[in-house]
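Take a look at the letters that make up each chain.
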Amino acid sequence: MAEFLFYAFSSLTVGSAAAVLLNRNAVNSALAFLVCLIGVSGLFVMLDSFLLAVLMILVYAGAVVALFLFIIMLLDMQGGERKPFSKFATGAYVAVGLLLTVGVVSFANATVELPRTNPEVIPAVGATLKNYADQLFTTYLLPVQVVGFLLLIAMLGVIVLSKKFEGLGDIK
Amino acid sequence: MSILPAIGLHHYLIVAGLVFALGFLGVLVRRNTLVLYMSLELMLVASTIALVAFSRFNGTMDGNVFVFFILTVAAAEVAVGLAIIVALFRRRQTVQVEQLTALKN
Numbered sequence: 001m002a003e004f005l006f007y008a009f010s011s012l013t014v015g016s017a018a019a020v021l022l023n024r025n026a027v028n029s030a031l032a033f034l035v036c037l038i039g040v041s042g043l044f045v046m047l048d049s050f051l052l053a054v055l056m057i058l059v060y061a062g063a064v065v066a067l068f069l070f071i072i073m074l075l076d077m078q079g080g081e082r083k084p085f086s087k088f089a090t091g092a093y094v095a096v097g098l099l100l101t102v103g104v105v106s107f108a109n110a111t112v113e114l115p116r117t118n119p120e121v122i123p124a125v126g127a128t129l130k131n132y133a134d135q136l137f138t139t140y141l142l143p144v145q146v147v148g149f150l151l152l153i154a155m156l157g158v159i160v161l162s163k164k165f166e167g168l169g170d171i172k
Numbered sequence: 001m002s003i004l005p006a007i008g009l010h011h012y013l014i015v016a017g018l019v020f021a022l023g024f025l026g027v028l029v030r031r032n033t034l035v036l037y038m039s040l041e042l043m044l045v046a047s048t049i050a051l052v053a054f055s056r057f058n059g060t061m062d063g064n065v066f067v068f069f070i071l072t073v074a075a076a077e078v079a080v081g082l083a084i085i086v087a088l089f090r091r092r093q094t095v096q097v098e099q100l101t102a103l104k105n
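Here the protein sequences line up with chains Y and G, keeping their order. Straight run, no breaks: the first sequence in the numbering used here ends on number 172. Straight run, no breaks: the second sequence in the numbering used here ends on number 105.
Rather than coming from a laboratory, the hints here were simulated on the basis of the structure. The model shown is predicted, which means the values in this text are computed figures rather than measured ones. A portion of the hints provided could be inaccurate.
Claimed, not checked - Derived BS3-like pairs: lysine-lysine, alpha-carbon spacing no greater than 30 Å straight-line:
# : chain 1 : residue 1 : chain 2 : residue 2
1 : Y       : Lys163    : G       : Lys104
2 : Y       : Lys87     : G       : Lys104
3 : G       : Lys104    : Y       : Lys130
Said to hold, decoys possible - Listed next, with one range per pair, are the computed distances between beta-carbon atoms:
# : chain 1 : residue 1 : chain 2 : residue 2 : range
4 : G       : Arg91     : Y       : Ala66     : 23 to 31 Å
5 : Y       : Pro143    : G       : Met43     : 35 to 43 Å
6 : G       : Ala6      : Y       : Gly91     : 32 to 40 Å
Stated by the list, open to error - Derived, one-sided and incomplete: chain G residues facing chain Y with beta-carbon distance under 10 Å:
#  : residue
7  : Phe24
8  : Val78
9  : Leu82
10 : Val95
Ideal placement from N, C-alpha and C gives every residue a C-beta, glycine not left out.
Put together the whole structure using the sequences plus the hints.
Printed below as a string of structure tokens:
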């Protein structure tokens with residue numbers, strides 16, 4: 001059962017990741033990205049990280065993809081659909097894609113010995129919320145504060161960027 | 001039951017590598033800035049799969065906590081990046097990268 005679920009979720013993830021690049025319309029790409037995130041959070045559930053699976057849906061699917069869709073519809077691009085690739089470009093892209101795939105597979109089959117451990121004998125530490133709190137408030141206390149500051153800076157940056165911008169009027 | 005081999009760490013790493021490769025390919029291939037940005041996000045998501053898988057198979061907490069931070073940074077990054085794209089569109093009326101050549105000449 002677990003094997004079947006793994007293959008279902010991973011093919012969902014990889015297939016919709018491919019659909020992100022192949023779709024002509026940006027809205028369809030965003031929706032394919034959403035499906036990809038659902039597959040990824042399914043994989044997280046299979047890895048016993050329930051909190052991260054929920055956060056993936058909440059933060060990525062809820063906030064990031066919604067923001068993408070808002071911006072795509074706000075900009076309402078003329079000529080937003082991509083032109084079909086030329087024959088030469090298609091060949092080049094397929095070659096690059098094959099090279100990347102070969103790289104991935106050879107990386108996965110490399111001589112570096114990965115631990116062939118059975119997940120049933122290892123405790124699923126990511127399953128309990130208490131472990132997250134324990135780590136975040138002891139070992140990773142400084143990064144938590146830095147990330148909070150980063151969010152503040154990002155918020156200020158977005159406000160400044162969204163204001164009406166004047167100057168540099170000659171760049172056209 | 002098990003006709004299929006048991007799922008190990010390298011299965012998850014192959015999935016993560018494939019998604020990363022697809023995101024990288026998207027950055028190379030696509031010309032729409034928004035889709036390019038989605039491909040960048042795809043690469044981040046691939047790294048989170050690898051981190052969670054390593055964390056699960058090693059019985060440590062660090063990978064999970066890293067994914068926590070990656071989620072936060074990605075949210076901030078998307079907000080700032082999309083604000084930049086909107087500002088760019090207001091100025092140039094396009095988001096296609098082949099038309100954004102102000103630095104070229």
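Taking the hints in turn, this is what the structure says about them:
Under the criterion of a C-alpha separation no larger than 30 Å, the hint pairing Lys163(Y) with Lys104(G) is consistent with the structure, at around 27 Å. Under the criterion of a C-alpha separation no larger than 30 Å, the hint pairing Lys87(Y) with Lys104(G) is consistent with the structure, at around 27 Å. At roughly 53 Å between alpha-carbon atoms, Lys104(G) and Lys130(Y) are farther apart than 30 Å, so this suggested pair is violated. Range check, Arg91(G) to Ala66(Y): about 25 Å between beta-carbon atoms, so the 23 to 31 Å window is met.
A hinted range of 35 to 43 Å is violated for the C-beta pair Pro143(Y) and Met43(G), which are about 21 Å apart. Between Ala6(G) and Gly91(Y) the C-beta distance comes to about 39 Å, which sits within the given range of 32 to 40 Å. For the restraint placing Phe24(G) at the interface with chain Y, the shortest Cβ-Cβ distance is roughly 6 Å, inside the 10 Å limit, so the hint holds. Interface restraint check for Val78(G): the shortest CB-CB distance to chain Y comes to about 5 Å, inside 10 Å, so the restraint holds.
Here the hint on Leu82(G) is kept, as its CB sits about 5 Å from the closest CB of chain Y, short of 10 Å. Against a cut-off of 10 Å between C-beta atoms, the interface hint on Val95(G) holds, since the closest Cβ of chain Y lies about 6 Å away.
When the structure is compared with the earlier hints, violations turn up for hints 3 and 5 and for no others.
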